[in-house]
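Just so you know, the protein sequences line up as chains A and B, in that order.
Numbering of the first sequence is given in my numbering, commencing with residue 1 and proceeding in unit increments.
Numbering of the second sequence is given in my numbering, commencing with residue 1 and proceeding in unit increments.
Because the hints were derived from the structure by calculation, they are not lab data.
Heads up, some of the hints might be wrong.
[Stated by the list, open to error] Label pairs and their in silico Cβ distance ranges:
id: 1; chain 1: B; residue 1: Trp42; chain 2: A; residue 2: Leu164; range: 17 to 27 Å
id: 2; chain 1: B; residue 1: Ala24; chain 2: A; residue 2: Leu468; range: 41 to 51 Å
id: 3; chain 1: A; residue 1: Leu14; chain 2: B; residue 2: Gln62; range: 53 to 63 Å
The structure displayed is predicted, hence computed values, not measured ones.
For each residue, glycine too, the CB sits at the ideal point set by N, CA and C.
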Amino acid sequence: MNEDIFQGLVQASLPTSLIATAVGALLGLIVGMIPGMTISTGIIVLLPLTFVMPPDISIALLLGLYVGGMTGGSFSAILLNIPGTPSASATAIDGYPMAARGEAGRALGVAITASFAGGLFSFLCLYFIAPELAKVALQFRTQDMFSLVFFGLTIICSFAAKSLVKGLLSGVIGLVIVTVGQDPVMGTARFTFGEVNMMGGIHFLTAMIGLFAIPQLVDNLTGDAGKGTQTRIGSVFPKAADLKTMRRPVAIGGFVGAFLGILPGAGGPIAAFVSYDYTKKASKRPDEFGKGSVEGVAAPEAANNAVTGGALIPMMTLGIPGDPVTAILIGALMIHGLAPGPLLFIERPDFAYGLIFSFFWANIFNFIIALAGLRVLVKALATPKSLLMPTIAILCVVGSYTLRNNFFDVYVMLFFGLIGLAMRWLDMPVVPLLLALVLGGQLEEYLRVALTSSKGDISIFFTSPVSLGFLSLSVVSVAWSFYAGRDRRPKSKDGNTT
Amino acid sequence: MPKRNIIAAIVLILAGLGYGYMTAHLPVRTLPNTPDPSFFPWINTTLLLTLSIALLIQGLVQAKPRGSAAVGGGAGRVWAALSLYFVYLLLLPPLGFVLASAPFFAALMALYGERRPAWLVTGGIGVTVLLFVLFRYVFGVLLPRGLLESIVP
Numbered sequence: 001m002n003e004d005i006f007q008g009l010v011q012a013s014l015p016t017s018l019i020a021t022a023v024g025a026l027l028g029l030i031v032g033m034i035p036g037m038t039i040s041t042g043i044i045v046l047l048p049l050t051f052v053m054p055p056d057i058s059i060a061l062l063l064g065l066y067v068g069g070m071t072g073g074s075f076s077a078i079l080l081n082i083p084g085t086p087s088a089s090a091t092a093i094d095g096y097p098m099a100a101r102g103e104a105g106r107a108l109g110v111a112i113t114a115s116f117a118g119g120l121f122s123f124l125c126l127y128f129i130a131p132e133l134a135k136v137a138l139q140f141r142t143q144d145m146f147s148l149v150f151f152g153l154t155i156i157c158s159f160a161a162k163s164l165v166k167g168l169l170s171g172v173i174g175l176v177i178v179t180v181g182q183d184p185v186m187g188t189a190r191f192t193f194g195e196v197n198m199m200g201g202i203h204f205l206t207a208m209i210g211l212f213a214i215p216q217l218v219d220n221l222t223g224d225a226g227k228g229t230q231t232r233i234g235s236v237f238p239k240a241a242d243l244k245t246m247r248r249p250v251a252i253g254g255f256v257g258a259f260l261g262i263l264p265g266a267g268g269p270i271a272a273f274v275s276y277d278y279t280k281k282a283s284k285r286p287d288e289f290g291k292g293s294v295e296g297v298a299a300p301e302a303a304n305n306a307v308t309g310g311a312l313i314p315m316m317t318l319g320i321p322g323d324p325v326t327a328i329l330i331g332a333l334m335i336h337g338l339a340p341g342p343l344l345f346i347e348r349p350d351f352a353y354g355l356i357f358s359f360f361w362a363n364i365f366n367f368i369i370a371l372a373g374l375r376v377l378v379k380a381l382a383t384p385k386s387l388l389m390p391t392i393a394i395l396c397v398v399g400s401y402t403l404r405n406n407f408f409d410v411y412v413m414l415f416f417g418l419i420g421l422a423m424r425w426l427d428m429p430v431v432p433l434l435l436a437l438v439l440g441g442q443l444e445e446y447l448r449v450a451l452t453s454s455k456g457d458i459s460i461f462f463t464s465p466v467s468l469g470f471l472s473l474s475v476v477s478v479a480w481s482f483y484a485g486r487d488r489r490p491k492s493k494d495g496n497t498t
Numbered sequence: 001m002p003k004r005n006i007i008a009a010i011v012l013i014l015a016g017l018g019y020g021y022m023t024a025h026l027p028v029r030t031l032p033n034t035p036d037p038s039f040f041p042w043i044n045t046t047l048l049l050t051l052s053i054a055l056l057i058q059g060l061v062q063a064k065p066r067g068s069a070a071v072g073g074g075a076g077r078v079w080a081a082l083s084l085y086f087v088y089l090l091l092l093p094p095l096g097f098v099l100a101s102a103p104f105f106a107a108l109m110a111l112y113g114e115r116r117p118a119w120l121v122t123g124g125i126g127v128t129v130l131l132f133v134l135f136r137y138v139f140g141v142l143l144p145r146g147l148l149e150s151i152v153p
């Protein structure tokens, strides 16, 4: 075994890392199953706790939460017909009818097992594809990196299905915000209004906390999610016949999920619905779909968990987030002084492989905790909003204060919360703004450095085959977003699909 | 929705003009034939103004209202919660975390539907103290002590 791989395995298998992964999976299952809480919000709320932890422990905890959250979403989808996360929407179609006819335990067991299989498949994809892709990405020059980041930003179009203008405006507002502070090339102060705290720019985690958490607090103030359940669960361990039935949907879900996870902007909900659709078409009993089919539960659950490993591939190797959660994970890594991208495998191979193996353990713990602790976990569905939401409100303040021990960041967080609410009022998706905050700084830096090296000649972006390739992919990505499957894409109110 | 689009478009156009004005006054520090610090902000200004005008046109020509994703029912509670948040953030530095957070927490609990006084008091004080202890003594995050500075280590 390669020494770096071995080091990564050892790092991810240390007791502290394992405990962090298990705790993350447990929290993820709880966060995922509570209607009104998305995985993104869960991770954002948990982030302040991770600042004081070593990066490997921190990322193990967050990966556990990411994986657990995907599975947890299916619990409330099956028991309440309310998907805990948008990624679990397709699971409710067959999961809830199964629960309604007294097979809640069977449906949950199928969902947990399919999630596990999908997650493991995506781990294999991550393990084998990520290091090779990183080697390729190391050959990229500045103009190629600009085009790559530009391609990453075309994810925005995936979240702008309702209104292209509003989606793009949201992205541009993000690009405007990243210009606050010192410019990345010359260090000139821009738009700081003489405020010392703004010299370092707007910390995008502060912005994220406000943009995601404050609108969610308001949602829960006006909505009616989160009612308790009285459904009897029964045995959750899948029977041999169910395992046999699950083989094909899990295979379809695994492939579809991992593939769509790699593509920027696709995400869990699309993967879940596409795999549900494919499985139904390939099934010998398509008429059972929608009435409580085991295949109908297994396919979307395998798919949405397979998305997690798929989304980590562009995040780790190219520094491009595959979905909103990986965008937040990039921020978490940056807090620890680690920049995701091809150099991660060169400068910190132990960490890179440790992350991959932590993802593996996250799937293992998620499976064990979900199966063994299901009866206790579902009690979280009865958590009163009157206790949960004020806690989140205070954690938002603590989280933004903790970043730099500074009240200025807390006020910035509230300001972005108000922006998030205004965007909600306008039906403007918030995810493009988030992506622009994550990628905007790099976009400007690569653009200016490339133009400096070419003495202002923009043909540099078209004469490099790699750059031209990414620009062409950007065009395809935009076209694909608008002309393929736009009408079947489910969306949460904030455009956050995880 | 068209009315909202028009209002938003006007606000964004004004913001874009302001951003463009500030961009025009950025210090020029650059090498010959290379982009200066205002290069990227000018791209943003152009995009922001173009898209805002497009939104304005959409709002003006759009006759049929589309589905709204606005706050909806309970707007009073939303404003109350936001006002509480604002007051809480103002009081946080002088009062400190515990003294400011406990009443804020209890007030939010009430807004989210909790009516039992004992739960409001217990929840407000209990959760706040728990979070303070957890962050300050376990995670080493120095949350402000405010008026309790002489009492709390």
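- prompt: Any of the earlier hints contradicted here, and which numbers?
  reply: As far as the earlier hints go, only 2 is violated by this structure.
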